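Student: Protein sequence lines correspond, in order, to chains W and R. According to my numbering, the first sequence is numbered sequentially starting from 1. According to my numbering, the second sequence is numbered sequentially starting from 1.
Don't read these hints as lab results, they were simulated from the structure. For clarity, every value in this text was computed on a predicted model and none was experimentally measured. Where is the CB? At the ideal position from N, CA and C, for every residue including glycine. Treat the hints with care, as some may be off.
[As the list claims (entries may be wrong)] For the chain W half of the interface with chain R, some residues (derived, Cβ under 8 Å), not all of them:
id: 1; residue: G19
id: 2; residue: A21
id: 3; residue: P23
id: 4; residue: K30
[As the list claims (entries may be wrong)] Listed next, the in silico DSBU-like pairs over lysine-lysine satisfying Cα-Cα at most 35 Å (straight line):
id: 5; chain 1: R; residue 1: K89; chain 2: R; residue 2: K49
id: 6; chain 1: W; residue 1: K62; chain 2: R; residue 2: K83
id: 7; chain 1: R; residue 1: K61; chain 2: R; residue 2: K12
id: 8; chain 1: R; residue 1: K74; chain 2: W; residue 2: K52
id: 9; chain 1: W; residue 1: K31; chain 2: R; residue 2: K104
id: 10; chain 1: R; residue 1: K44; chain 2: W; residue 2: K31
id: 11; chain 1: W; residue 1: K13; chain 2: R; residue 2: K74
id: 12; chain 1: W; residue 1: K61; chain 2: W; residue 2: K31
id: 13; chain 1: R; residue 1: K89; chain 2: W; residue 2: K62
id: 14; chain 1: R; residue 1: K44; chain 2: W; residue 2: K13
id: 15; chain 1: R; residue 1: K12; chain 2: W; residue 2: K62
id: 16; chain 1: R; residue 1: K89; chain 2: W; residue 2: K61
id: 17; chain 1: W; residue 1: K31; chain 2: R; residue 2: K89
id: 18; chain 1: R; residue 1: K60; chain 2: R; residue 2: K74
id: 19; chain 1: W; residue 1: K62; chain 2: R; residue 2: K61
id: 20; chain 1: W; residue 1: K81; chain 2: R; residue 2: K69
id: 21; chain 1: W; residue 1: K82; chain 2: R; residue 2: K83
id: 22; chain 1: R; residue 1: K74; chain 2: R; residue 2: K61
id: 23; chain 1: R; residue 1: K83; chain 2: R; residue 2: K49
id: 24; chain 1: R; residue 1: K74; chain 2: W; residue 2: K61
id: 25; chain 1: W; residue 1: K57; chain 2: W; residue 2: K82
id: 26; chain 1: W; residue 1: K53; chain 2: R; residue 2: K12
id: 27; chain 1: R; residue 1: K61; chain 2: W; residue 2: K53
id: 28; chain 1: R; residue 1: K60; chain 2: W; residue 2: K13
id: 29; chain 1: R; residue 1: K12; chain 2: W; residue 2: K57
id: 30; chain 1: W; residue 1: K82; chain 2: R; residue 2: K89
[To be verified] Residues of chain R placed beyond 10 Å of chain W at every Cβ, according to the derived structure:
id: 31; residue: D11
id: 32; residue: V70
id: 33; residue: K83
id: 34; residue: N87
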Amino acid sequence: MTNEELNALPIAKTIDARGTACPGPLLAAKKAIGEINPGDIMEILSSDEGTKKDIPKWANKKGHEYLGTAEESGFFKIFMKK
Amino acid sequence: MCMALFSGSVDKLIGAGVVLSGSAADDMDVEVFVLLQGARAFIKGNEDKIDNLAEATHLKKEFFEALEKVNVPKWHEFFEQAKELTNVKIHVCSLAGKLWGGEKIEDFNELVDDICGIGEYITAAEEADVHLFI
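Bound-form chain R, shown alone (with noise of 0.2 Å):
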């Protein structure tokens, strides 16, 4: 499978998490390519920080009050599992990480795996039976 991931949205990075640990209880591969806004998420110290929604933005203080009670881990819990379970490799484009101040790997968490090209999405985005943007 391939993703797509432009968001950089709290909402959407969850869903992301919640597809990846479906693809993950498949033992499918994954690639993930981080894009414009969805870089910002990935630089090292702003996992946590995230908090802006993409959608329902009037409803932000009851949507996380409804993840805590549901008990929904956290964005980037739904990420590490995934990666633990299958092989998920995170890619982030190197436009979008200078956007955000990450110019090297060691500027981002420890999700992310190499720093890529829009080269390297379309060719996986070619090659891959599922692909999704987000």
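Bound-form chain W, shown alone (with noise of 0.2 Å):
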């Protein structure tokens, strides 16, 4: 998907993660998809290059979907479908 497609998706849940490093970002996905339902779509917004890899990784594993990372200026943002 290209920045303009992820940036257009319906967002059930925004976490802001700016400010905190690894592992803060990947904990704190982890604790708000508990307060989503399936098929909603969780953004994640880090500014920790670790998280680019780390929150896809654990998404796949955890059964959820990775959507694609669109860059803004000094951070990201994720999107995961749970």
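These two chains come separately, so use the hints to put the complex back together.
Tutor: Encoded structure:
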């Protein structure tokens, strides 16, 4: 998906984990996933490079769907569907 | 996962905490066995007194400044969070506890689940898929 397509997705929950280093964003995502329904899309905002690989791998391992990562200025957004 | 936590230095405790966080995200069952030096950190009231490093000891000041700058949680906060998110059991070796003045469970902080003997650690190490010694 392009940045534009990702940013147009209907977001059920936004996690702003900017300002925390690994493993902060991963744990924030882990906590938040229990608060949304199957089929819902969650976006995780992070500026920690390790998160770019961590969350997609974790999402796939846990049976969720990693949708893509959109680059922003100084951070990025990771999109995943529960 | 089975983790032998021998070290009671703050850098290794943070390292152990980060690994526990990863296992918490994965919903792993974790058995932590606190051995010799590690037990000092788990004595009630010692959590924030631990400030010795195992490595790069000459850069202690810079290390602590960097931890603050990068907004890294305290070592015991990693452990607390992991325990909230997954099944992490923390066992303190009875010999280790005694060396640092901890004879009974109430001598230790709330992270500790029980006091154990070395046999329990060996059994857990035998049964675990992943075994770490820190």
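Student: If a hint holds in the structure, say so; if it does not, say that too.
Tutor: Results for each hint:
1. Below 8 Å, beta-carbon pairs count as interface contacts, and W:G19 has one with chain R at about 6 Å; its hint therefore holds.
2. Satisfaction of the interface hint for W:A21 is found here, the shortest Cβ-Cβ separation to chain R being roughly 5 Å, below the 8 Å cut-off.
3. Of the supplied interface hints, the one on W:P23 holds, with its beta-carbon coming within about 4 Å of a beta-carbon of chain R, less than 8 Å.
4. For W:K30, the shortest C-beta to C-beta distance to chain R is roughly 4 Å, which falls under 8 Å, so the interface hint holds.
5. For the hint pairing R:K89 with R:K49, the CA-to-CA distance comes to about 23 Å; that is within 35 Å, so the pair holds.
6. This hinted pair checks out: W:K62 and R:K83 have alpha carbons roughly 19 Å apart, not beyond 35 Å.
7. For the proposed pair R:K61 and R:K12, the alpha carbon gap of about 16 Å is at most 35 Å, so the pair holds.
8. Simply put, R:K74 and W:K52 have alpha-carbon atoms about 24 Å apart, close enough for the 35 Å limit, and the pair holds.
9. The suggested pairing of W:K31 with R:K104 holds, with an alpha-carbon distance near 33 Å, which does not exceed 35 Å.
10. Of the pairs offered as hints, the one joining R:K44 and W:K31 holds, with about 28 Å between alpha carbons and a cut-off of 35 Å not exceeded.
11. Proximity of W:K13 to R:K74 is assessed by CA-CA distance (about 28 Å); at most 35 Å being required, the pair is judged to hold.
12. The hinted pair formed by W:K61 and W:K31 meets the criterion: a straight-line CA distance of about 16 Å does not exceed 35 Å.
13. Restraint check for R:K89 and W:K62: satisfied, since their Cα atoms lie roughly 23 Å apart, inside the 35 Å limit.
14. Distance hint between R:K44 and W:K13 is unfulfilled; the C-alpha atoms sit about 39 Å from each other, more than 35 Å.
15. The suggested pairing of R:K12 with W:K62 holds, with an alpha-carbon distance near 28 Å, which does not exceed 35 Å.
16. For the suggested pair R:K89 and W:K61, the alpha carbons sit about 24 Å apart, so the restraint of at most 35 Å is met.
17. Distance hint between W:K31 and R:K89 is fulfilled; the C-alpha atoms sit about 20 Å from each other, no more than 35 Å.
18. As the CA atoms of R:K60 and R:K74 are separated by approximately 15 Å, the hinted pair is consistent with the 35 Å bound.
19. Straight-line distance between C-alpha atoms of W:K62 and R:K61 comes to about 40 Å, which puts the hinted pair past the 35 Å bound.
20. Distance restraint check for W:K81 and R:K69: the Cα-Cα separation of roughly 33 Å lies within the 35 Å cut-off, and the hinted pair is therefore satisfied.
21. As the CA atoms of W:K82 and R:K83 are separated by approximately 24 Å, the hinted pair is consistent with the 35 Å bound.
22. Annotation: proposed proximity of R:K74 to R:K61 holds, straight-line Cα distance about 16 Å (limit 35 Å).
23. Between R:K83 and R:K49, the direct Cα distance comes to roughly 21 Å. Compliance with the 35 Å bound is thereby established for this hinted pair.
24. Between R:K74 and W:K61 the CA atoms are separated by roughly 28 Å; this keeps the pair inside 35 Å, and the hint holds.
25. With a C-alpha separation of about 14 Å, the suggested pairing of W:K57 with W:K82 holds against the 35 Å cut-off.
26. The straight-line distance between the Cα atoms of W:K53 and R:K12 is roughly 24 Å, inside the 35 Å bound, and the hint therefore holds.
27. Distance hint between R:K61 and W:K53 is fulfilled; the C-alpha atoms sit about 31 Å from each other, no more than 35 Å.
28. Note on R:K60 and W:K13: the hinted pairing is violated, with a Cα-Cα distance of about 40 Å set against a maximum of 35 Å.
29. Restraint check: the Cα-Cα separation between R:K12 and W:K57 comes to about 26 Å, which is no more than 35 Å; the hinted pair holds.
30. A threshold of 35 Å between alpha carbons decides the hint, and for W:K82 with R:K89 the separation of about 29 Å falls inside it, so the pair holds.
31. The claim that R:D11 lies off the interface holds: its Cβ sits roughly 15 Å from the closest Cβ of chain W, which is beyond the 10 Å cut-off.
32. Some Cβ of chain W comes within 10 Å of the Cβ of R:V70; the nearest lies about 5 Å off, and the non-interface call is violated.
33. The Cβ of R:K83 lies farther than 10 Å from every Cβ of chain W, with a closest approach of about 12 Å, so its non-interface assignment holds.
34. No Cβ of chain W comes within 10 Å of the Cβ of R:N87; the nearest lies about 14 Å off, and the non-interface call holds.
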